[in-house]
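Student: Below, each chain spelled out in residue letters.
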Amino acid sequence: MTVQIPERLDVLLELLDRQLADTEGRLAGKVDDLELTVPDDGGPPVVTAILSGPQALGPRIGGRLGQWMVAVARRLHPDADAQPARIDFAQLARIGPRVLLTAPADTPNQRLETWVRTHLVGRIPGAGHADV
Amino acid sequence: MRMSDLVGALVVDESGRPLGHVHDLRLVADGVTFPATGNRAYRVHGLVVGAGAVGMRLGYARGHVQGPWLLRVLLRRLRRRRREIPWEAVREVTPGRIVARVAAQ
Amino acid sequence: MTPYKVFFFSSGAVEEGWTRADLMLNRANVYVGFPLGGLLSLAIMGCAAVVFQPRGIEVDHLSQVALPVGVALGQVGLALVLVGFFAATFGAALETSMCSGYAIAQYFGWQWGKFVRPAQAARYHAVVLVSVLAAVTFALTTVDPITVTEYSIVLSAAALPLTYFPILVVANDRSYLGDKTNSAFTNVLATIYLLLIVLVSIATIPLMLATKAGS
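Taken in order, these protein sequences are the chains called A, B and C.
Residues 0 to 131, numbered by numbering that gives the first Met the number 0, are exactly what the first sequence covers, in order.
Residues 0 to 104, numbered by numbering that gives the first Met the number 0, are exactly what the second sequence covers, in order.
Residues 0 to 214, numbered by numbering that gives the first Met the number 0, are exactly what the third sequence covers, in order.
Hints were generated in silico from the structure; no laboratory data involved.
Values in this document were obtained by computation on a predicted structure and should not be read as measured data.
Take the hints with a grain of salt, since some may be wrong.
Restraint-style ranges between C-beta atoms, simulated for each label pair [stated by the list, open to error]: (1) A:GLN18 / C:LEU24: 20 to 30 Å; (2) A:GLY24 / C:MET23: 21 to 31 Å; (3) C:GLY36 / B:GLY37: 26 to 36 Å; (4) C:PRO165 / B:THR93: 29 to 39 Å; (5) A:ARG74 / C:LEU24: 44 to 54 Å; (6) A:LEU119 / C:VAL147: 26 to 36 Å; (7) C:GLU14 / A:ARG73: 48 to 58 Å; (8) B:ARG71 / C:VAL49: 43 to 53 Å; (9) B:ASP29 / C:LEU128: 45 to 55 Å.
Beta carbons are placed, not taken as given, at the ideal position from N, Cα and C, and that holds for glycine.
Based on the sequences and whatever the hints tell you, model everything.
Tutor: Given below as structure tokens:
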């Protein structure tokens, strides 16, 4: 099987802030943070998931701006808990200029997109036609 | 735990002497294999600590970027002051601060 | 390599699906097109100087730029120049608003581009729309367009190193460009140019304030 991910990787240089895309080329956000799980046997932490979206990026940016980002995201998502969108690392197929995911993404962080589509762009005639 | 909890934290040795801030995490794909993709999971190999973050962030330290000459010379200098602290040396992780056992220099 | 040009051009390249085969064409585009654009700008300045300066006329409105052409080529020339005005201003409005959309969508990782239906890139299109509306609103405040142009050119010059430097680094990055990284010769020229634009960038805002934008 061809090598799809590098054996050694410096996170900030080669993985973080990369664009996520699924098998159909749809863009699915960015790698904003990583979830690390410390195993029970005391070994090094394992990367278990990619975290994406304003609730992951906000804490990383920090400060007032970061807090504001998280607050905006929460307003759009009042009933869920404060967890950022999570993509299990098992779904990561390939790391390159883009990070490719195996399945067509249950694209995370679509609340803002849906809101804008419903209230603004979707109402404009021609919104259903691509320019290909 | 998140990656962002480790990056940026100050690393000190067991006597409290500061060693630098964590600029990057070095991962190695030697964990369990995911059946769907055949990829192995990444485990944290070490913390990249010290000066020279800019050059590393741009790719000069790892050899991806070779030019232009002036930038390469300037940024490679910074690389000498960075070090990797293996994860096995980490003793304690608290918000913003990591204690590691390092050999005396 | 002003920021808006960089975002617009590179995003357009992705939308059009450029490949290695297009590299030659785009090199030609740069080598021929950019000098030609510079030449045309000089021509406009030259014609305006020749027509307006002897008469002591100050140019402060776009419509006056049509006068030298009308003088030289009559009504046909005038008609052509009006078409040209429309094309240039309409094109610029689209370019810059799309560039705002590209820059913001690409920062956050949103879906963008003309290759999907607008409804599937709603946030991107919304940013484009809002940019156009904001610009129109701004223009309607009857602010002097010449002043706006001067300030925006100065600010572009000040921001120029911020896009130039990353592109220079990426142009040398083998993990992105494979065997098409810069030659040593290109790098020498590029480094000299980088130093030059950094100097310009540092000097430009203080200079503008000191000369009160030439007024």
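Student: Could you run down the list of hints and mark each one as holding or not?
Tutor: Status of each hint after checking the structure:
1. A:GLN18 / C:LEU24: 20 to 30 Å: Hint holds: Cβ distance 26 Å, inside 20 to 30 Å.
2. A:GLY24 / C:MET23: 21 to 31 Å: Between A:GLY24 and C:MET23, where Cβ atoms are some 26 Å apart, the hint holds.
3. C:GLY36 / B:GLY37: 26 to 36 Å: About 51 Å separates the Cβ atoms of C:GLY36 and B:GLY37, which means 26 to 36 Å is violated.
4. C:PRO165 / B:THR93: 29 to 39 Å: 35 Å Cβ-Cβ, so the 29 to 39 Å window holds.
5. A:ARG74 / C:LEU24: 44 to 54 Å: Holds: the Cβ-Cβ distance is about 47 Å, inside 44 to 54 Å.
6. A:LEU119 / C:VAL147: 26 to 36 Å: Since A:LEU119 and C:VAL147 have Cβ atoms about 28 Å apart, the given range 26 to 36 Å holds.
7. C:GLU14 / A:ARG73: 48 to 58 Å: Cβ of C:GLU14 to Cβ of A:ARG73: about 34 Å, so the range 48 to 58 Å is violated.
8. B:ARG71 / C:VAL49: 43 to 53 Å: Roughly 49 Å apart at Cβ, these two residues keep to the hinted range, so it holds.
9. B:ASP29 / C:LEU128: 45 to 55 Å: 49 Å, holds
In this structure, the earlier hints numbered 3, 7 are contradicted, and the remaining ones agree with it.
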